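Use the sequences and the hints to build the structure in full.
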Amino acid sequence: DAGITQSPRHKVTETGTPVTLRCHQTENHRYMYWYRQDPGHGLRLIHYSYGVKDTDKGEVSDGYSVSRSKTEDFLLTLESATSSQTSVYFCAISEGPTSTNEKLFFGSGTQLSVL
Amino acid sequence: AQTVTQSQPEMSVQEAETVTLSCTYDTSESDYYLFWYKQPPSRQMILVIRQEAYKQQNATENRFSVNFQKAAKSFSLKISDSQLGDAAMYFCAYKDRDDKIIFGKGTRLHILP
Numbered sequence: 002d003a004g005i006t007q008s009p010r011h012k013v014t015e016t017g018t019p020v021t022l023r024c025h026q027t028e029n030h031r032y033m034y035w036y037r038q039d040p041g042h043g044l045r046l047i048h049y050s051y052g053v054k055d056t057d058k059g060e061v062s063d064g065y066s067v068s069r070s071k072t073e074d075f076l077l078t079l080e081s082a083t084s085s086q087t088s089v090y091f092c093a094i095s096e097g098p099t100s101t102n103e104k105l106f107f108g109s110g111t112q113l114s115v116l
Numbered sequence: 717a718q719t720v721t722q723s724q725p726e727m728s729v730q731e732a733e734t735v736t737l738s739c740t741y742d743t744s745e746s747d748y749y750l751f752w753y754k755q756p757p758s759r760q761m762i763l764v765i766r767q768e769a770y771k772q773q774n775a776t777e778n779r780f781s782v783n784f785q786k787a788a789k790s791f792s793l794k795i796s797d798s799q800l801g802d803a804a805m806y807f808c809a810y811k812d813r814d815d816k817i818i819f820g821k822g823t824r825l826h827i828l829p
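Same order as they appear, the protein sequences are chains A and B.
Just so we're aligned: the first sequence equals residues 2 to 116 in my numbering.
Just so we're aligned: the second sequence equals residues 717 to 829 in my numbering.
It is worth saying that the hints were derived from the structure and are not from the lab.
All values reported here derive from a predicted model rather than from experimental measurement.
All C-beta atoms, glycine included, are put in the ideal place defined by N, C-alpha and C.
Careful, some of the hints might be misleading.
Unchecked claim - Covered by chain B, according to a simulated footprint, are these stretches of chain A (three or more residues, beta-carbon under 8 Å):
# : region
1 : 46-52
2 : 83-97
Unchecked claim - Each computed PhoX-like pair below joins lysine-lysine, with the alpha-carbon atoms no more than 25 Å apart:
#  : chain 1 : residue 1 : chain 2 : residue 2
3  : A       : K71       : A       : K58
4  : B       : K789      : B       : K821
5  : B       : K816      : A       : K54
6  : B       : K816      : B       : K786
7  : A       : K104      : B       : K771
8  : A       : K104      : B       : K794
9  : A       : K71       : B       : K821
10 : B       : K789      : A       : K104
11 : B       : K816      : A       : K58
12 : B       : K821      : A       : K58
As structure tokens, this is what we get:
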């Protein structure tokens, strides 16, 4: 299994508070992704990174920011959490387009509840 | 923008039978990847099978195979000899050179003993 660790695994927070989720990888993969999973919506891309300090928006990026200061870490921040951001958040990694075996490896997910 | 559509929110199949899950996608690209991922109740995302668009041969992994129809933009997953452990949510996904990987909304598969 790919070395991807998400922290925390579960978090309950209050509306209006900032929240940061962490994704750490030991695979030295270039690409990292944040998805959210909601019933009836599948997995939707929030932000992704294609290298240190290189990030881009996904389809549901409003209300979220990311940072990648090291290859192994990709942080997702909710500046002011809202109840609509209650979801399961997945981090994923991939080698990138130069790979001959391109695929996503996923972390175990973070259940975030915003009350 | 690319889209991935899974038109079957839920399906059921008798144990040991064969089931096919549908997936269609929309793209103007010619070079891309397609994937099927499985998510059991444990929530872990598991790669089932992968197809490169430039390969005409359909990918196969043991009891899992795909029917890739590039012109029709269709990528269905066939599960043969269904087992209880196949019960899960199945997601179809698309990736092109933009490196974003887009998922469908999923199909929940039930296996009937």
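**Asked** Hey, K71(A) versus K821(B), does the alpha-carbon distance stay inside 25 Å?
**Response** Roughly 32 Å separates the two Cα atoms, so the pair is violated.
For K816(B) and K786(B), compute the direct alpha-carbon distance and say whether it is at most 25 Å. holds (20 Å)
Cut-off 8 Å, C-beta pairs, minimum 3 residues; does the coverage of the region 46-52 of chain A by chain B stand? holds (count 3)
Self-check item: Straight-line alpha-carbon gap K816(B) to K58(A), limit 25 Å
Solution: holds (10 Å)
Checklist entry - Is the Cα-Cα distance between K821(B) and K58(A) 25 Å or less? => result Roughly 20 Å separates the two Cα atoms, so the pair holds.
**Straight-line alpha-carbon gap K104(A) to K794(B), limit 25 Å** = holds (20 Å)
Practice prompt. Compare the distance between the alpha carbons of K816(B) and K54(A) with 25 Å, and conclude whether the hinted pair is satisfied.
Written response: holds (17 Å)
Problem - Satisfaction of hint between K821(B) and K789(B), Cα-Cα up to 25 Å - result: holds (17 Å)
Measure nothing beyond the straight line between the CA atoms of K789(B) and K104(A); if it is 25 Å or shorter, mark the hint as holding. The hint holds at about 20 Å.
task = Please work out if K104(A) and K771(B) have their alpha carbons no farther apart than 25 Å.
result = holds (16 Å)
Against the 25 Å threshold, does the CA-CA distance of K71(A) and K58(A) hold or violate the hint? holds (19 Å)
### Query
Under a C-beta cut-off of less than 8 Å, do 3 or more residues of the region 83-97 of chain A approach chain B closely enough to confirm the stated coverage?
holds (count 5)
Checked against the numbered hints given earlier, this structure breaks only hint 9.
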